[in-house]
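Student: First to last, the sequence lines map onto chains A and H.
Quick note on our numbering: the first sequence kicks off at 45 and runs consecutively.
Quick note on our numbering: the second sequence kicks off at 2 and runs consecutively.
No lab work stands behind these hints, which were simulated from the structure alone.
Just to be clear, a hint being listed does not mean it is correct.
Looking from chain H toward chain A, a few residues come up when the C-beta cut is under 10 Å (computed) [to be verified]:
| # | residue |
| --- | --- |
| 1 | T67 |
| 2 | D99 |
| 3 | A103 |
Facing chain H, from chain A, some residues (calculated, C-beta under 10 Å) [to be verified]:
| # | residue |
| --- | --- |
| 4 | F53 |
| 5 | I62 |
| 6 | A70 |
| 7 | C78 |
| 8 | R82 |
| 9 | T96 |
| 10 | T98 |
| 11 | K99 |
| 12 | G107 |
| 13 | Y108 |
| 14 | A112 |
| 15 | V114 |
| 16 | M115 |
None of these values were measured; they are calculated from a predicted model.
Ideal Cβ placement from N, Cα and C applies to all residues, glycine included.
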Amino acid sequence: MKIDPRFEFVVDKARNRISVEREFAARQQLVWDCHTRREYLDRWFAPKPLTTRTKHMDFRPGGYWHYAMVMPDGQSFWSRLDYQSITPIDGYVALDAFSDEAGAVNADLPRARWEVAFAAAQDRTVVTTVIQYDSAQDVQKVIDMGLQAGLTSTLERLDELLLALQS
Amino acid sequence: MDNYCASLDSIFHALADPTRRAIVQRLGKGSATVTELAQPFAMALPSLMKHVGVLEAAGLLRSEKTGRVRTCMLEREELAAVERWLGEQRAVWQARYDNLDALLEQLNGEDDEN
Numbered sequence: 045m046k047i048d049p050r051f052e053f054v055v056d057k058a059r060n061r062i063s064v065e066r067e068f069a070a071r072q073q074l075v076w077d078c079h080t081r082r083e084y085l086d087r088w089f090a091p092k093p094l095t096t097r098t099k100h101m102d103f104r105p106g107g108y109w110h111y112a113m114v115m116p117d118g119q120s121f122w123s124r125l126d127y128q129s130i131t132p133i134d135g136y137v138a139l140d141a142f143s144d145e146a147g148a149v150n151a152d153l154p155r156a157r158w159e160v161a162f163a164a165a166q167d168r169t170v171v172t173t174v175i176q177y178d179s180a181q182d183v184q185k186v187i188d189m190g191l192q193a194g195l196t197s198t199l200e201r202l203d204e205l206l207l208a209l210q211s
Numbered sequence: 002m003d004n005y006c007a008s009l010d011s012i013f014h015a016l017a018d019p020t021r022r023a024i025v026q027r028l029g030k031g032s033a034t035v036t037e038l039a040q041p042f043a044m045a046l047p048s049l050m051k052h053v054g055v056l057e058a059a060g061l062l063r064s065e066k067t068g069r070v071r072t073c074m075l076e077r078e079e080l081a082a083v084e085r086w087l088g089e090q091r092a093v094w095q096a097r098y099d100n101l102d103a104l105l106e107q108l109n110g111e112d113d114e115n
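One chain only, chain H, in its complex shape:
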């Protein structure tokens, strides 16, 4: 169970970043070399490699090196629907509780004024 939650956490962490989401979207169209991936972001290769590393650690993509060229591709093993649903439930609760934080802060403030 811990492993399971940890992997979900790392997926969310990996997908929380706009650059990494763009990388995943790009790879959805087919595999690409690191140089090709870096182009649209005007990003230095080492920075891009960091993002690729995070995605790889989360199990979202894998990469293969042939000579000096590293090619990235999506891990075809898709997230099971159950895990996706659980991830959504988690996000829903997190988001609604953030709303509640804001409301409580507001109500606490009103309380102090009384």
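So that you can see chain A by itself, here it is in the shape it has in the complex:
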């Protein structure tokens, strides 16, 4: 029988921060590779039924990952992750952004800082991602954008229900 891996999603509203912690049944080097190599990222980063498509990956400080999460109908949501500092294989810090297909960052929308840490625990690896927004206004802007762009439809069933709740 498969035991559910440890998963923690903690919201700190007062500090505009989300922390995601998850344990994986693999060595730290392999988990690191999966986070930092395009050929691996393309195989897991987008939640089903979306798929990931990397257009550009330059994993070094000052470099960036430019990728799309693609809906089954072909609609693409482009993002970009700019790497600020990297400490192989223990962690990296990056700035996320909404972008267009050409890779230009949408300057109207806020960016969040991602601090990703990897820690070995015997034959397993714990990954902690702290997503930090500058302000509650920034969070609100991202939410408003998501509602407008239909990003929320990635979780269609829940959305349907919430619509039903409102009607």
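Starting from the known structure of chain A, arrange chain H on it as the hints suggest.
Tutor: Same frame as chain A, but now just chain H:
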């Protein structure tokens, strides 16, 4: 914060079940008695009441009893957009990490063969 996460968890748990989702959708059209709710599911009333209880505990609906008739209605207090967004973020991370589990398992297998 703990309370907040707990309530989000109970909402997700409540909505994870297809019968309960159908109940919520039905109530989106207007209030209904327990008997009316049970009809489309060909379900015994006690089973249906269990689902109603879970939804009620999650704060998604409330029910009122008049005589022998229990009427259910959606809690009009909608989930705030922030909570909805947070719930989606949580689901996205959970789903992508499930993908990563599968990939790691595959890569581990390749490793063993080498």
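Student: Can you list which hints this structure breaks, lowest number first?
Tutor: 1, 8, 10, 11, 12, 13, 14, 15 and 16
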